[in-house]
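Protein chains: 2
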Amino acid sequence: MGSENLFKPVLSSWLEQDGPQSDVVISSRVRLARNFKDWNFSGAGVELFARVREELGTRDGFSFLAMGDLSVLERGMLVERHLISPEMMRRQDFGAVMVSDDERASVMFNEEDHIRIQCMAPGLQLEQVLNEAFVLDDELEINMPYAFDKRLGYLTTCVTNVGTGLRASVMVHLPGLVATKKLQKTVEAIRRYGFVVRGMYGEGSRPASNIFQISNQVTLGKTELEIVQDLSDVMEQVIMQERVCRTKLKQTFHIAMEDRIFRAYGVLKHSRILAQKEAADAISDLRLGIQMGYVEHIPSQKVNELILFSQPAFLRRFAQRDMNELEEKVIRAAAIREILDTY
Amino acid sequence: MGSENLFKPVLSSWLEQDGPQSDVVISSRVRLARNFKDWNFSGAGVELFARVREELGTRDGFSFLAMGDLSVLERGMLVERHLISPEMMRRQDFGAVMVSDDERASVMFNEEDHIRIQCMAPGLQLEQVLNEAFVLDDELEINMPYAFDKRLGYLTTCVTNVGTGLRASVMVHLPGLVATKKLQKTVEAIRRYGFVVRGMYGEGSRPASNIFQISNQVTLGKTELEIVQDLSDVMEQVIMQERVCRTKLKQTFHIAMEDRIFRAYGVLKHSRILAQKEAADAISDLRLGIQMGYVEHIPSQKVNELILFSQPAFLRRFAQRDMNELEEKVIRAAAIREILDTY
Numbered sequence: 001m002g003s004e005n006l007f008k009p010v011l012s013s014w015l016e017q018d019g020p021q022s023d024v025v026i027s028s029r030v031r032l033a034r035n036f037k038d039w040n041f042s043g044a045g046v047e048l049f050a051r052v053r054e055e056l057g058t059r060d061g062f063s064f065l066a067m068g069d070l071s072v073l074e075r076g077m078l079v080e081r082h083l084i085s086p087e088m089m090r091r092q093d094f095g096a097v098m099v100s101d102d103e104r105a106s107v108m109f110n111e112e113d114h115i116r117i118q119c120m121a122p123g124l125q126l127e128q129v130l131n132e133a134f135v136l137d138d139e140l141e142i143n144m145p146y147a148f149d150k151r152l153g154y155l156t157t158c159v160t161n162v163g164t165g166l167r168a169s170v171m172v173h174l175p176g177l178v179a180t181k182k183l184q185k186t187v188e189a190i191r192r193y194g195f196v197v198r199g200m201y202g203e204g205s206r207p208a209s210n211i212f213q214i215s216n217q218v219t220l221g222k223t224e225l226e227i228v229q230d231l232s233d234v235m236e237q238v239i240m241q242e243r244v245c246r247t248k249l250k251q252t253f254h255i256a257m258e259d260r261i262f263r264a265y266g267v268l269k270h271s272r273i274l275a276q277k278e279a280a281d282a283i284s285d286l287r288l289g290i291q292m293g294y295v296e297h298i299p300s301q302k303v304n305e306l307i308l309f310s311q312p313a314f315l316r317r318f319a320q321r322d323m324n325e326l327e328e329k330v331i332r333a334a335a336i337r338e339i340l341d342t343y
Numbered sequence: 344m345g346s347e348n349l350f351k352p353v354l355s356s357w358l359e360q361d362g363p364q365s366d367v368v369i370s371s372r373v374r375l376a377r378n379f380k381d382w383n384f385s386g387a388g389v390e391l392f393a394r395v396r397e398e399l400g401t402r403d404g405f406s407f408l409a410m411g412d413l414s415v416l417e418r419g420m421l422v423e424r425h426l427i428s429p430e431m432m433r434r435q436d437f438g439a440v441m442v443s444d445d446e447r448a449s450v451m452f453n454e455e456d457h458i459r460i461q462c463m464a465p466g467l468q469l470e471q472v473l474n475e476a477f478v479l480d481d482e483l484e485i486n487m488p489y490a491f492d493k494r495l496g497y498l499t500t501c502v503t504n505v506g507t508g509l510r511a512s513v514m515v516h517l518p519g520l521v522a523t524k525k526l527q528k529t530v531e532a533i534r535r536y537g538f539v540v541r542g543m544y545g546e547g548s549r550p551a552s553n554i555f556q557i558s559n560q561v562t563l564g565k566t567e568l569e570i571v572q573d574l575s576d577v578m579e580q581v582i583m584q585e586r587v588c589r590t591k592l593k594q595t596f597h598i599a600m601e602d603r604i605f606r607a608y609g610v611l612k613h614s615r616i617l618a619q620k621e622a623a624d625a626i627s628d629l630r631l632g633i634q635m636g637y638v639e640h641i642p643s644q645k646v647n648e649l650i651l652f653s654q655p656a657f658l659r660r661f662a663q664r665d666m667n668e669l670e671e672k673v674i675r676a677a678a679i680r681e682i683l684d685t686y
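The listed protein sequences derive, respectively, from chains A and B. Take the first sequence: its position 249, counting from 1, is numbered 249 in this note's numbering, and each next residue is one higher. In short: position in the second sequence from 1, add 343, done, that's this note's numbering.
Chain A extracted, bound-state conformation (with noise of 0.2 angstroms):
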């Protein structure tokens, strides 16, 4: 069993690795919404709580968890571990989540849908995880048969997730393309091929930490290997793109660079007083210069246990009590330097 490890203070072990690309791809996740055949779409959900633990509740590998049985802060611990959603999170009553041990996959009941399928590797690797994601999906449908037509595919609680069920997304970090002005126009181009991207703050703001998600739109239409296979190819485009932007950087500005990065170094490093915006933006610059070289003393795995662990819940988990605002921002600051203390 894995699960005492996910309401610690430790960082989730797929995040301990670096994946390929992750110069600029944070992380690639496939979910798939699915709903079984013979119960309601909705008002199934003491039934069907019931059921998924008596088949699933002690399988191999997995931890199997009712969200009743959890705290609010162990509900948010699993939120910022992004193995559960806000949504499920309110979930109180037949909620559930069933969690790999390496915490790369994750299973939600009674969420929107009856079940949410959702694997997770770091960097750019979307094939890897639909496939992961697969393997979930067939055994899970060995005993109870998913509500399938074969005309339109999948169906689904909300009409926008009919047909594949799948919502394949990548989380990217382009400080290179926000820094040069260029990120207006790659964002276009990125939906002209039916993609989202989400996570910026309002039109032409400087959007938090540089961290944006890119993600599939249309479910319907194509199969699930060519939606993965068309977000692949157009982040190859905007990997490509970020690069030469850094590049760019590093010849024109190299010095401002260097100053920009370390200067958000010595907030981390030194702070007492951290709110979570002034740290997303200083992790963010931290991230950009172990990729760029400016910052070699630092494994680039730290940088996932920071964000992790500037979280709310976890500081929290961190000073085992709750706290205001304030202490919040204490708390930040102390548990980051912690990290980056023999750093």
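You may find that some hints are simply not true.
What the hints assert, rightly or not - Derived DEER-like restraints, expressed as beta-carbon distance ranges:
1) A/K248 - B/R396: 58 to 64 angstroms
2) A/S13 - B/Q663: 49 to 55 angstroms
3) B/T595 - A/A256: 34 to 40 angstroms
4) B/Q619 - A/Q251: 24 to 30 angstroms
5) A/S300 - B/A677: 23 to 29 angstroms
6) B/H640 - A/Q92: 46 to 52 angstroms
7) B/K524 - A/S13: 48 to 54 angstroms
8) A/K248 - B/G404: 58 to 64 angstroms
9) B/K524 - A/L73: 37 to 43 angstroms
10) A/H297 - B/Q619: 25 to 31 angstroms
To be verified - Covered, in the sense of this in silico footprint (three residues per stretch, anywhere, with C-beta under 8 angstroms from a C-beta of chain B), are these stretches of chain A:
11) 248-260
12) 263-269
Stated by the list, open to error - Which chain B residues stay away from chain A? Per the calculated CB distances, all over 10 angstroms, these:
13) E347
14) S365
15) R372
16) K380
17) S385
18) E398
19) L416
20) E423
21) Q435
22) D444
23) D480
24) V505
25) G636
26) E639
27) H640
28) P642
Just so you know, the hints here were simulated from the structure itself, not pulled from any lab data. Since the model is a prediction, treat every value here as computed from it, not as a measurement. For glycine and all other residues, C-beta sits at the position ideal for the given N, C-alpha and C.
Given chain A, work out where chain B should sit, using these hints.
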């Protein structure tokens, strides 16, 4: 001969130790303006220069430096060491300065007056530096009597110095009074005693680095000792008020103070481009942090090194070349990082 060190990036030896009350008072300085009886007050330049060089050029424990023999950079370094005035820096013809090996005492020749004797010491010790200045004063007069009027006292080129010819001043660090918005009231009280507070950039604005010069305005009607004792008495009041403010800050805004101080330390320790104003502010905060006990691992004398070595002429000496504005900021950041390297 101690003059070699004057033009090296080395701290003046008298700044290597703290003085009395040095949590608030950085240094004490006394200056005596004198003119020789048998020489014109202005226009005596070339002959006076020849005479003092002959009399004092090889005096034991002192270096005699003719402005005409020094580069612009070397004269700049003497200004930044507070050994000559900016006015003297421009006197290439017959200006000269005599500097004691420990750099506590210096005598300028052919500045506004024939002679300007100056003595400095760390912390609050005005009587001590006045006595040191008097010793030099007496020695210089032996062979060349001063212009002195029984009613008026010492005669000077500018009427504002007539009488004692004394300017006594202290350089103080008042971040507590500034942060608690008590400075204005204190400045007004100081003025009522006939002293001047300098170093503010316009009324009401945050002064650079919270460092101020407090000095006497009147040179007539009191003895030298009275002037110095009055200024010392006023300073004791100011020191007490500053300490009360610091204690209050620590009690009321402990974590915010710690945050401010360590962020400043982070800027000094990590930035790659550093303007003089930003450096001065950060050094001021670091000094406060050391004096308040927040920063325990840096000796307080390091602050004097940071102040001196972040000045333009020192940076050019450090880099051994001239530089533009951006380069100066880059070299300043590098010099400061080197000083703090082991801390």
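- Message: Please list, smallest to largest, the hint numbers that this structure does not respect.
- Response: Those not satisfied: there are none.
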